[in-house]
Amino acid sequence: MVVLATMSNMAVYLYMFVICIKMDAIMLTKAAKHTWKLDFCCFVFPIIFTIAVAIGQNYFLPGASGSAFPLQFTIMSSISYFIVITRALDELNLLSSEAEQISLLVAMHNEVVSSTFQILGVAFGQQDVKTSVYAVLSLCSLIMFAFFVIRPMLYWIVKITPKGKPVKESYVIVILLLLFLMGLTTDAIGASFGMAISDGWPLVFFVRIGYFTNLSAIKNQDELMMYGAIAIAGCLGKLVACLLVLSSMKLSKRSAALLSLILSLQGVVELIQSIRWKHLHLLTEQTYATSIIGIVVGNAIITPLIEMLYKPAVTKKFNLPNLVRLRIRSLRITSTVEELQIVTCIQDKEIVPIIIRLLEALNPKEISPISAYVIYLVLVASQSVPTLAPYKNHLRKFNQPSSSDNII
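Throughout the sequence shown, residue numbering follows UniProt numbering, covering 1 to 408 in sequence.
Quick caveat, the hints were computed from the structure, so don't treat them as lab data.
One should not assume that every hint holds.
To be verified - Below, simulated EDC-like cross-link-like pairs (lysine to aspartate or glutamate); rule was C-alpha separation at most 20 Å, straight line:
#, residue 1, residue 2
1, Lys365, Asp348
2, Lys219, Glu285
3, Lys349, Glu360
4, Lys278, Glu223
5, Lys365, Glu339
6, Lys253, Glu307
7, Lys37, Glu111
8, Lys365, Glu350
As the list claims (entries may be wrong) - Pair by pair, the computed Cβ-Cβ distance ranges are:
#, residue 1, residue 2, range
9, Lys165, Met249, 34 to 44 Å
10, Ile301, Leu178, 33 to 43 Å
11, Tyr376, Leu92, 20 to 30 Å
12, Ile301, Ile55, 24 to 34 Å
13, Val296, Lys253, 27 to 37 Å
14, Ile375, Glu91, 19 to 29 Å
15, Ile119, Ile375, 49 to 59 Å
16, Gln341, Val207, 47 to 57 Å
17, Leu305, Val158, 32 to 42 Å
18, Gln341, Val44, 22 to 32 Å
19, Ile356, Lys253, 37 to 47 Å
20, Ser248, Glu350, 45 to 55 Å
21, Leu377, Gln341, 43 to 53 Å
22, Glu350, Glu285, 52 to 62 Å
As the structure is a prediction and not an experimental result, all values here were calculated from the model.
Note that beta-carbon positions come from the ideal geometry of N, C-alpha and C, so glycine has one too.
Take the sequences, apply the hints, and build the full model.
Here it is in structure tokens:
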């Protein structure tokens, strides 16, 4: 079992490494002034709702021991994690939607809040003041080492690597070794910050999760209902927060409900916390099994609801007033005396001849020319948010200009 646990931890570190390098800190700082109200409400409201439900049931968290753990459980359950949201949106093909942009911003801000509470949890989890000070200093030193040593080293590797060439294998090995070293150090300190630095789910980790999950241990129905009430309260808190704030952002109630469902998704981070709490004897056998089943059932309910709520506009049999109102047109009713603007997305070079034949079939004329905006789609592994970069290599002067000079 030790070998399985070691392999699962390595798989989780690699999985989080691939996901977390897609976090765009520039987008986080630029959008902070626009979404800080939503970030704050989506963090505070679930905590308030969860505590209210727990107090109303006369006990805070069944099956848990430790004075500070119930509050830690509530805070961790109220946070939406960037790793979970990014992976879920990728599977649902929603990475370019409007709800995706907002949900990723909220998740990134929640990660910052989570890091702050992580430091406080390390400090208050010690036995005396002296040990708490040493723990905080060790953690701050590790963070400074990551920012002032590892980060400049990565920038240096990018700088010396020729444009368009792959990174040297030796550099990749060093980066992966630093990844495991960071994970080992943070586990020794007491904070799971190994995620600070293979695509796909860490399957070995799921084997470990299933190995420790004993469904026959779920015997107390009151505890099961209590956990369900806490989970529902957290989802309602996020829904209320989205409804209150998104009205000022001029978004519909449908978008608010969709955003709250996306932020309520749970994944690998919650699984890591559950198995970590079990090994620390903060969760009983039944509470651990209940939390795992709650994550699976919750995602099974939320995912179809997201697919139902997210319905992009589809052209149907609209009459003329609706076409004007919805600004949707078909080629059959376009004007023959004005410019036809087309947006074309190219992913493979083999599609280019097909698109050219399609444009020729539209029979462009001098009185009704075609203005085609070509977008070349490139998969960027280091980003989770689509980026639109202008193509400027074609900008040059011609000795004999013509009407087709703007064609790339």
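Taking the hints in turn, this is what the structure says about them:
| no. | hint | verdict |
| --- | --- | --- |
| 1 | Lys365 - Asp348 | violated, 28 Å |
| 2 | Lys219 - Glu285 | holds, 11 Å |
| 3 | Lys349 - Glu360 | holds, 18 Å |
| 4 | Lys278 - Glu223 | holds, 16 Å |
| 5 | Lys365 - Glu339 | holds, 9 Å |
| 6 | Lys253 - Glu307 | holds, 16 Å |
| 7 | Lys37 - Glu111 | holds, 16 Å |
| 8 | Lys365 - Glu350 | violated, 26 Å |
| 9 | Lys165 - Met249: 34 to 44 Å | holds, 43 Å |
| 10 | Ile301 - Leu178: 33 to 43 Å | holds, 39 Å |
| 11 | Tyr376 - Leu92: 20 to 30 Å | holds, 25 Å |
| 12 | Ile301 - Ile55: 24 to 34 Å | holds, 26 Å |
| 13 | Val296 - Lys253: 27 to 37 Å | holds, 29 Å |
| 14 | Ile375 - Glu91: 19 to 29 Å | holds, 24 Å |
| 15 | Ile119 - Ile375: 49 to 59 Å | violated, 43 Å |
| 16 | Gln341 - Val207: 47 to 57 Å | holds, 53 Å |
| 17 | Leu305 - Val158: 32 to 42 Å | holds, 41 Å |
| 18 | Gln341 - Val44: 22 to 32 Å | violated, 45 Å |
| 19 | Ile356 - Lys253: 37 to 47 Å | holds, 44 Å |
| 20 | Ser248 - Glu350: 45 to 55 Å | holds, 47 Å |
| 21 | Leu377 - Gln341: 43 to 53 Å | violated, 19 Å |
| 22 | Glu350 - Glu285: 52 to 62 Å | holds, 56 Å |
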